Amino acid sequence: MGTIRRVTRNVKRWRDAGQAVRWVAAGMIEANKGFRRLKAHKQLPVLRAALQARHNRMTINPVAHVTRAA
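Under the working numbering, the residue at position 35 of the sequence shown is numbered 288, and the numbers go up by one with no gaps.
These are computed hints drawn from the structure, not numbers from a lab.
Predicted, not measured: the structure shown is a model, and the values here were computed from it.
Note that beta-carbon positions come from the ideal geometry of N, C-alpha and C, so glycine has one too.
Do not take every clue at face value.
So the derived label-pair ranges between C-beta atoms look like this [as the list claims (entries may be wrong)]:
#1 G255 <-> K295: 27 to 33 Å
#2 R310 <-> T261: 39 to 45 Å
#3 R307 <-> A273: 38 to 44 Å
Take these sequences, add in the hints, and give me the full structure.
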């Protein structure tokens, strides 16, 4: 968002929504130049599985309601 703010800070008039969209799009194109490529994309499923396992360990499992016989 910083790049978009930098690109759009000199805009003096926002005439209509279409013009605002064009300015934001220009900012996004400029920001795209600074994005980095994901190098280890093949390892994403391993990361996802590890994060899911950690989430499952950290989540408190609700205890089922137990009824006692009289």
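Taking the beta carbons of G255 and K295, is their distance inside 27 to 33 Å? Once the Cβ atoms are compared, 30 Å apart, the range 27 to 33 Å for K295 and G255 holds.
Distance restraint evaluation - R307, A273, Cβ atoms, bounds 38 to 44 Å: 41 Å, holds
Cβ separation of R310 and T261, checked against the hinted range 39 to 45 Å: Given a distance of about 44 Å, which is inside 39 to 45 Å, the answer is holds.
Checked against the numbered hints listed earlier, the structure breaks none of them; every hint is satisfied.
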